[in-house]
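Visitor: Listed here are the chains, written in short residue letters.
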Amino acid sequence: MQHTNTQDTFVGLFVASGIAGLFFLALQVSNLSSFTEHDSYTITARFENSGGLKVKSPVSSAGVKIGQVSAISFDPKTYESVVKLSIDKQYNTLPDDTTASVFTAGLLGEQYVNLDAGGSDEYLKDGGKIEITQSAIILEKALGQFLFKSAAEKK
Amino acid sequence: MIEFLQQLGKNTRTGFTKLGRGTFFLLQIISGILSVLLRPRLLLNQMYSVGVLSFLIITISGLFVGMVLGLQGYYILSDFGAEETLGVMVAASLVRELGPVVSALLFAGRAGSALTAEIGLMKATEQLSGMEMMAVDPIKRIISPRFLAGLLSMPLLTALFSAVGIIGGQMVGSGLLGVDEGAYWSQMQAKLDFQDDIINGVIKSLVFGFVASWIALFEGYDAIPTSEGVSRATTRTVVNSAFSILGLDFILTALMFGDN
Chain S
1 MQHTNTQDTF VGLFVASGIA GLFFLALQVS NLSSFTEHDS YTITARFENS
51 GGLKVKSPVS SAGVKIGQVS AISFDPKTYE SVVKLSIDKQ YNTLPDDTTA
101 SVFTAGLLGE QYVNLDAGGS DEYLKDGGKI EITQSAIILE KALGQFLFKS
151 AAEKK
Chain F
1 MIEFLQQLGK NTRTGFTKLG RGTFFLLQII SGILSVLLRP RLLLNQMYSV
51 GVLSFLIITI SGLFVGMVLG LQGYYILSDF GAEETLGVMV AASLVRELGP
101 VVSALLFAGR AGSALTAEIG LMKATEQLSG MEMMAVDPIK RIISPRFLAG
151 LLSMPLLTAL FSAVGIIGGQ MVGSGLLGVD EGAYWSQMQA KLDFQDDIIN
201 GVIKSLVFGF VASWIALFEG YDAIPTSEGV SRATTRTVVN SAFSILGLDF
251 ILTALMFGDN
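Protein chains in written order, with this note's numbering: chain S, 1 to 155; chain F, 1 to 260.
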């Protein structure tokens, strides 16, 4: 029948456009396409204070995103924050004296881990550790120190 | 006073009886789904009348909802100098809440009311009892295909609504108001999670599709077989669907997004 044939086409078009919408949401809107587990390697950094860092916060080097934070835990023996960074496999030439620091994007933006490459010839491998770290700058702490210092200078 | 109490008791009892009938009806529908899968032609015809015919209203509403979100969001965000996060705002509110809820409400108004009227009229003109006389189960032949079509169409319609809305927000935001197009998309991609946002939105739309089709079919099947009864049933479909969708949305949101 002619009628049912056009109906079939319309149903087909409808289903296809619905699925296309879902794909659009998955790939264009959410972060599904960016970093997946299997093509990355993990390194660990210990911070005195990791501030407002969260799982999935970006890890960047020279301003380019090269990975993301995969886990944050507290070490009860050393009272440090243990941050696992999963770095994209294609950036596997980070020297083992790389410095990790927690920065804030802008004054009120989200926090991220910045890696500054060192000069060593040895590269960080999967499961490697970053020895030199710099804690997050806590705004309240910095303000408190500043106020304390200016009060001391007045005396 | 006594009469009031009697009336209250009667109303409560009829309410529970109706809920019981509805639940029993739902079980019958679900047991009829298997025979629908053996006759996909029935499902296809219903997908056309439930899904394809709702396509236009869903996409046009989605476009305008997205455009309004872009406009309103821009005015508020520009006060804080954060126009770049417009994409996050538009996408998050569409994918998490407005997409599933508004498309379910439109679905209940467009497709749900039509289903109720169709089935109520079938009952009023004794087509359903005629089918039973011919040993054709009206649940399997009429009700289950429509239920399955509603359940399957809803997530697709919701995805379309959200996708078109996000594009509409982008059209207004970066086309009209001058938000950077790259920032619109990249901020959105950085903030929205596939698992947490998109999948939860799809789950919501499945639940809403389930409830809206169930209510529409039950009200039609349960309607008093007169023209007035059918018109009342149609009204009840839209009202009850709207209540259930909005109430369930609160519960689902509390369950899904409670921890962040």
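Simulated from the structure, these hints should not be mistaken for lab results. By construction, the Cβ of each residue, glycine as well, lies at the ideal position given by its N, Cα and C atoms. Please note that a few of the clues may not be correct.
[Stated by the list, open to error] Now the in silico label distances, taken between C-beta atoms and shown as ranges:
hint : chain 1 : residue 1 : chain 2 : residue 2 : range
1    : F       : Gly81     : S       : Lys154    : 27 to 37 Å
2    : F       : Ser35     : S       : Ser73     : 13 to 23 Å
3    : S       : Gly12     : F       : Gln72     : 30 to 40 Å
4    : F       : Gly81     : S       : Gln145    : 23 to 33 Å
5    : F       : Phe64     : S       : Ile132    : 29 to 39 Å
6    : F       : Glu84     : S       : Asp39     : 20 to 30 Å
7    : F       : Thr23     : S       : Val64     : 36 to 46 Å
8    : F       : Lys18     : S       : Phe74     : 21 to 31 Å
9    : F       : Val68     : S       : Lys154    : 47 to 57 Å
10   : F       : Glu181    : S       : Lys154    : 46 to 56 Å
11   : S       : Ala151    : F       : Gly178    : 14 to 24 Å
Visitor: Hint numbers the structure violates, sorted upward?
Guide: 2, 5, 7, 8, 11
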